[in-house]
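Novice: Construct the entire structure; sequences and hints are all you get.
In the order they appear, the protein sequences are chains A and B. All letters in the first sequence, in the order written, are residues 71 to 185 by the numbering used here. All letters in the second sequence, in the order written, are residues 18 to 235 by the numbering used here.
Any given hint might turn out to be false.
[What the hints assert, rightly or not] Quick list of in silico lysine to any residue cross-link-like pairs, SDA-like style, CA-CA up to 25 Å:
1) A/LYS132 x B/ILE22
2) B/LYS25 x A/ASP165
3) A/LYS116 x B/LYS21
4) B/LYS21 x A/GLU136
5) B/LYS24 x A/LYS164
6) A/LYS90 x B/LYS21
7) B/LYS204 x A/ASP113
8) B/LYS169 x A/ASP125
9) B/LYS39 x B/ILE74
10) B/LYS169 x A/ASP113
11) A/LYS143 x B/GLY208
12) B/LYS24 x A/SER87
13) B/LYS25 x A/VAL111
14) A/LYS106 x B/VAL179
15) B/LYS25 x A/ALA86
16) B/LYS21 x A/LYS164
17) B/LYS25 x A/LYS164
18) A/LYS132 x A/LYS164
19) A/LYS124 x B/VAL179
20) A/LYS106 x B/LYS235
21) A/LYS103 x B/ILE20
22) B/LYS204 x A/PRO139
23) B/LYS25 x A/VAL179
24) B/LYS235 x B/ARG86
25) B/LYS25 x A/SER87
26) B/LYS21 x A/GLN78
27) B/LYS203 x A/SER114
28) B/LYS169 x A/PRO127
29) A/LYS103 x B/ASP126
30) A/LYS164 x B/LYS169
[Said to hold, decoys possible] The following label-pair restraints were derived from C-beta to C-beta distances:
31) B/ASP197 x A/THR167: 20 to 26 Å
32) A/ASP165 x B/LEU191: 29 to 35 Å
33) A/ILE121 x B/ILE226: 43 to 49 Å
34) B/ASP43 x A/GLN78: 42 to 48 Å
35) B/ASN44 x A/LEU150: 35 to 41 Å
36) B/LYS73 x A/LYS143: 37 to 43 Å
37) B/LYS36 x A/ILE92: 28 to 34 Å
38) A/GLU112 x B/ASN116: 24 to 30 Å
39) B/ARG86 x A/ASP91: 31 to 37 Å
40) A/SER172 x B/GLN196: 51 to 57 Å
Hints were generated in silico from the structure; no laboratory data involved. Note that beta-carbon positions come from the ideal geometry of N, C-alpha and C, so glycine has one too.
So the chains spell out like this:
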Amino acid sequence: MHEMGVAQQMINIAIASIPKDIINPKVETLNLKVGKLAAVVEDSLKFCFEIIAKDSPLEGAKLIIEHVPVRIKCNSCQHLWEVDEPIFSCPSCKDGTVEIISGRELEIVSIELAE
Amino acid sequence: MEIKIQKKVLEANESQAEKNRKYFKDNNVFVLNMMSSPGSGKTETLCKTLKMIMPKIRTGVIVGDICTRNDADRLEATGAQVVQINTDQFGGDCHLSANMIDKAARELDLDGLDLLIVENIGNLVCPAEFDIGENERAVVLSVTEGEDKPLKYPLMFQVADVAILNKIDLLPYLDCNAQDAVDNMKKVHPGMPVFPLSAKTEEGFIPWIKWLSACVGK
Chain A
71 MHEMGVAQQM INIAIASIPK DIINPKVETL NLKVGKLAAV VEDSLKFCFE IIAKDSPLEG
131 AKLIIEHVPV RIKCNSCQHL WEVDEPIFSC PSCKDGTVEI ISGRELEIVS IELAE
Chain B
18 MEIKIQKKVL EANESQAEKN RKYFKDNNVF VLNMMSSPGS GKTETLCKTL KMIMPKIRTG
78 VIVGDICTRN DADRLEATGA QVVQINTDQF GGDCHLSANM IDKAARELDL DGLDLLIVEN
138 IGNLVCPAEF DIGENERAVV LSVTEGEDKP LKYPLMFQVA DVAILNKIDL LPYLDCNAQD
198 AVDNMKKVHP GMPVFPLSAK TEEGFIPWIK WLSACVGK
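Specialist: Next up, the structure:
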């Protein structure tokens, strides 16, 4: 629902990371990591990104998204597992509190500039 | 040429949230972020909560809505300090972010507060993603929404530290099974305290008030 704001932040971070000595930089690819639990819809993010990137060094850049699975650790028995459904109780000891190891990422990994 | 970045997209919000947390800690104010879908009864739950904890726990409220001051007016009647945020000024945002809380908190007299409750915008998706500098997060689910909502919106129930199951006075008229609702919350977040209550009849408030008072240390 807030993909427009996310796309704007992505573009701000990407532009700030382009070395100042590059004249007329053009970003070809933006590499992202998005966890499966992150409240971001890929199609919506791409749509918003395209609109906001217009007339910036990121216009026309491709978004490459690496989807990160949800991995959970049980704090009671230390069992580690990957979840596909929204059930976070430990399959091993059925008890205890859990910790999300991965799956909430929303990160810019890198940008690729045209030579 | 590839340029490595490795940055969180929401890092601007996260760094402001950390500043807020420090600001509230320096002022000895405990902050609770209260989230739910629209119409779950957050405001009524808050009004009744304020009636029970004040003036022992001096409480302020920041309330977020896209439009209107309706909630602020209801909450002000309890005698609490209230600041309304309308996000239509921010483009109709679906959540409160850390910078909005920073601005709103400056309007409160923190010296006169032990507890600040932030009533977030009614939405079970986006507010879960945005740290606002709170100490604990509460989610309110009402029995009229159906017992499967925790499974449909898992992130919200996973990030919450405590849950309220509201409107239990309506259970005789509904097909909703309250135990299933509680079980679904615990599937998504094992160990999370869940307090079934009715903001209308005030049934079930005592455990919730005890939990909140213990958080504030009063």
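Novice: All hints are to be evaluated individually against the structure, with a verdict given for each.
Specialist: Each hint, compared with the structure:
1. For the hint pairing A/LYS132 with B/ILE22, the CA-to-CA distance comes to about 16 Å; that is within 25 Å, so the pair holds.
2. Taking the CA atoms of B/LYS25 and A/ASP165, the gap is near 32 Å; set against the 25 Å cutoff, the hint is violated.
3. Using a Cα cut-off of 25 Å, the hinted pair A/LYS116 and B/LYS21 holds, with the two alpha carbons roughly 21 Å apart.
4. In summary, the hint linking B/LYS21 to A/GLU136 is supported, as the alpha carbons are separated by about 15 Å, within the 25 Å threshold.
5. As the CA atoms of B/LYS24 and A/LYS164 are separated by approximately 35 Å, the hinted pair breaks the 25 Å bound.
6. With a C-alpha separation of about 15 Å, the suggested pairing of A/LYS90 with B/LYS21 holds against the 25 Å cut-off.
7. As the CA atoms of B/LYS204 and A/ASP113 are separated by approximately 29 Å, the hinted pair breaks the 25 Å bound.
8. For a cut-off of 25 Å, the pair hint linking B/LYS169 to A/ASP125 is broken: about 39 Å separates their Cα positions.
9. The hinted pair formed by B/LYS39 and B/ILE74 meets the criterion: a straight-line CA distance of about 21 Å does not exceed 25 Å.
10. Between B/LYS169 and A/ASP113 the alpha-carbon distance is near 20 Å, which keeps this suggested pair within the 25 Å criterion.
11. In summary, the hint linking A/LYS143 to B/GLY208 is supported, as the alpha carbons are separated by about 14 Å, within the 25 Å threshold.
12. Among the hinted pairs, B/LYS24 with A/SER87 is consistent with the structure: their alpha-carbon atoms are about 10 Å apart, no more than 25 Å.
13. Pair hint B/LYS25 plus A/VAL111 holds up; C-alpha atoms about 17 Å apart against a cutoff of 25 Å.
14. Only pairs whose Cα atoms come within 25 Å are accepted, and A/LYS106 paired with B/VAL179 is accepted, the gap being roughly 23 Å.
15. Between B/LYS25 and A/ALA86, the direct Cα distance comes to roughly 14 Å. Compliance with the 25 Å bound is thereby established for this hinted pair.
16. Our distance criterion of 25 Å between C-alpha atoms is broken by B/LYS21 and A/LYS164, whose separation comes to about 41 Å.
17. Between B/LYS25 and A/LYS164 the CA atoms are separated by roughly 33 Å; this puts the pair beyond 25 Å, and the hint is violated.
18. Using a Cα cut-off of 25 Å, the hinted pair A/LYS132 and A/LYS164 is violated, with the two alpha carbons roughly 43 Å apart.
19. Between the alpha carbons of A/LYS124 and B/VAL179 the distance comes to roughly 43 Å, so the proposed pair goes past 25 Å and is violated.
20. In summary, the hint linking A/LYS106 to B/LYS235 is not supported, as the alpha carbons are separated by about 39 Å, beyond the 25 Å threshold.
21. For the hint pairing A/LYS103 with B/ILE20, the CA-to-CA distance comes to about 15 Å; that is within 25 Å, so the pair holds.
22. For a cut-off of 25 Å, the pair hint linking B/LYS204 to A/PRO139 stands: about 18 Å separates their Cα positions.
23. At roughly 9 Å between alpha-carbon atoms, B/LYS25 and A/VAL179 fall within 25 Å of each other, so this suggested pair holds.
24. Note on B/LYS235 and B/ARG86: the hinted pairing is violated, with a Cα-Cα distance of about 30 Å set against a maximum of 25 Å.
25. The suggested pairing of B/LYS25 with A/SER87 holds, with an alpha-carbon distance near 13 Å, which does not exceed 25 Å.
26. Between B/LYS21 and A/GLN78 the alpha-carbon distance is near 19 Å, which keeps this suggested pair within the 25 Å criterion.
27. This hinted pair does not check out: B/LYS203 and A/SER114 have alpha carbons roughly 31 Å apart, beyond 25 Å.
28. A hinted pair counts as satisfied when its Cα atoms are at most 25 Å apart, and B/LYS169 with A/PRO127 does not qualify at roughly 38 Å.
29. For a cut-off of 25 Å, the pair hint linking A/LYS103 to B/ASP126 is broken: about 41 Å separates their Cα positions.
30. With a C-alpha separation of about 21 Å, the suggested pair A/LYS164 and B/LYS169 falls inside the 25 Å cut-off, and the hint holds.
31. Range check, B/ASP197 to A/THR167: about 22 Å between beta-carbon atoms, so the 20 to 26 Å window is met.
32. For A/ASP165 paired with B/LEU191, a C-beta distance near 31 Å keeps the hint of 29 to 35 Å intact.
33. With their beta carbons about 48 Å apart, A/ILE121 and B/ILE226 fall inside the hinted range of 43 to 49 Å.
34. Between B/ASP43 and A/GLN78 the beta carbons are some 31 Å apart, a value that contradicts the proposed interval 42 to 48 Å.
35. In this structure the hint that B/ASN44 and A/LEU150 lie 35 to 41 Å apart at CB holds, the actual value being about 40 Å.
36. Our hint of 37 to 43 Å for B/LYS73 and A/LYS143 holds, since their Cβ atoms are close to 39 Å apart.
37. Separated by about 33 Å at the C-beta atoms, B/LYS36 and A/ILE92 satisfy the suggested range of 28 to 34 Å.
38. At roughly 26 Å, the beta carbons of A/GLU112 and B/ASN116 sit within the given window of 24 to 30 Å.
39. Range check, B/ARG86 to A/ASP91: about 51 Å between beta-carbon atoms, so the 31 to 37 Å window is missed.
40. The supplied range of 51 to 57 Å is broken by A/SER172 and B/GLN196, whose beta-carbon atoms lie about 32 Å from each other.
Hint violations for this structure: numbers 2, 5, 7, 8, 16, 17, 18, 19, 20, 24, 27, 28, 29, 34, 39 and 40, all remaining hints satisfied.
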